[in-house]
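Chemist: Sequence:
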Amino acid sequence: MEEQVIIMPTVALRGMTILPGMVQHFDVSRPKSIAAVEKAMLGDQKLFLVSQKRPEIPDPELSDLYQIGTVSVVKQLVKLPSKNVRVLVEGLEKAELLCFDTEEPYLMGEISLMGEEEEDTEPLAREAMLRILKDKLEEYGRVNSKITKEILPNLLIITDLNEMLDQIAIQLPWDYTIRQTVLENSSLSARYEVVMHTLLTEM
Numbered sequence: 001m002e003e004q005v006i007i008m009p010t011v012a013l014r015g016m017t018i019l020p021g022m023v024q025h026f027d028v029s030r031p032k033s034i035a036a037v038e039k040a041m042l043g044d045q046k047l048f049l050v051s052q053k054r055p056e057i058p059d060p061e062l063s064d065l066y067q068i069g070t071v072s073v074v075k076q077l078v079k080l081p082s083k084n085v086r087v088l089v090e091g092l093e094k095a096e097l098l099c100f101d102t103e104e105p106y107l108m109g110e111i112s113l114m115g116e117e118e119e120d121t122e123p124l125a126r127e128a129m130l131r132i133l134k135d136k137l138e139e140y141g142r143v144n145s146k147i148t149k150e151i152l153p154n155l156l157i158i159t160d161l162n163e164m165l166d167q168i169a170i171q172l173p174w175d176y177t178i179r180q181t182v183l184e185n186s187s188l189s190a191r192y193e194v195v196m197h198t199l200l201t202e203m
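First residue of the sequence shown? That's 1 in this note's numbering, and the numbers climb one at a time after it.
All the pointers check out, no bait thrown in.
Computed cross-link-like contacts, DSBU-like style, restricted to lysine-lysine with a CA-CA straight-line distance of at most 35 Å: (1) Lys75 with Lys149; (2) Lys53 with Lys94; (3) Lys75 with Lys136; (4) Lys146 with Lys79; (5) Lys53 with Lys146; (6) Lys79 with Lys46; (7) Lys53 with Lys134; (8) Lys75 with Lys39; (9) Lys134 with Lys94; (10) Lys83 with Lys46; (11) Lys94 with Lys39; (12) Lys53 with Lys39; (13) Lys32 with Lys94; (14) Lys32 with Lys75; (15) Lys53 with Lys136; (16) Lys83 with Lys32; (17) Lys53 with Lys32; (18) Lys134 with Lys75; (19) Lys134 with Lys146; (20) Lys146 with Lys75; (21) Lys94 with Lys75.
So the derived label-pair ranges between C-beta atoms look like this: (22) Leu42 with Glu202: 39 to 47 Å; (23) Leu200 with Lys149: 16 to 24 Å; (24) Ile157 with Val5: 34 to 42 Å; (25) Ser29 with Thr159: 36 to 44 Å; (26) Leu80 with Pro105: 17 to 25 Å; (27) Pro153 with Leu88: 21 to 29 Å; (28) Gly43 with Gly15: 22 to 30 Å; (29) Gly43 with Glu138: 38 to 46 Å; (30) Met203 with Ser29: 32 to 40 Å; (31) Ser63 with Leu113: 20 to 28 Å; (32) Lys136 with Ser82: 40 to 48 Å; (33) Gly21 with Glu202: 15 to 23 Å; (34) Gln171 with Glu93: 14 to 22 Å; (35) Leu80 with Ala190: 36 to 44 Å.
Derived from the structure by calculation, the hints contain no laboratory data.
Values in this document were obtained by computation on a predicted structure and should not be read as measured data.
Here a beta-carbon is modelled for each residue, glycine too, at the ideal position from N, C-alpha and C.
My request is simple: use the sequences and hints to build the entire structure.
Modeler: In structure tokens form, the structure reads like this:
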């Protein structure tokens with residue numbers, strides 16, 4: 001597949017990772033980030049969201065950011081009295097940050113779209129993995145009753161392994177570093193291992 005490189009406004013997230021298919025709101029306070037969101041709103045409303053490795057860094061360089069992030073669409077923007085901006089986004093697809101230009105009043109990232117996931121497992125193996133995940137989710141639900149009521153029913157009706165892995169990482173209240181690991185793994189089996197390991201560890 002030919003690499004598709006595009007340039008778009010970029011926001012460095014602190015303590016948060018957005019996955020494709022995830023709808024999330026967050027507050028933006030840095031002038032560069034606010035300018036990037038406003039720039040996106042003037043165009044096609046698309047924004048590249050990438051997480052900082054260490055949230056406390058005020059003005060991150062390229063080396064302070066993870067390379068893999070998510071192209072997202074801004075669904076809503078609310079200016080708060082504190083001069084911060086509350087943004088509602090939906091993650092669309094993952095991409096790699098190649099470099100960014102800080103000369104503008106906002107970050108402009110040069111990103112490469114990553115395309116489809118690698119299918120590295122047989123259909124029968126995927127069915128088995130899905131069954132095991134559902135069993136583990138039910139066990140997880142027994143130790144965490146809040147999850148059972150609110151999240152579990154929606155997860156257990158999913159019939160596609162790819163979607164199941166994404167939705168577990170999106171819906172369970174996991175640390176952003178775990179979501180980042182799920183985002184960075186392009187093969188199905190690697191993402192399955194991350195999600196399964198996290199479920200077992202949490203239990």
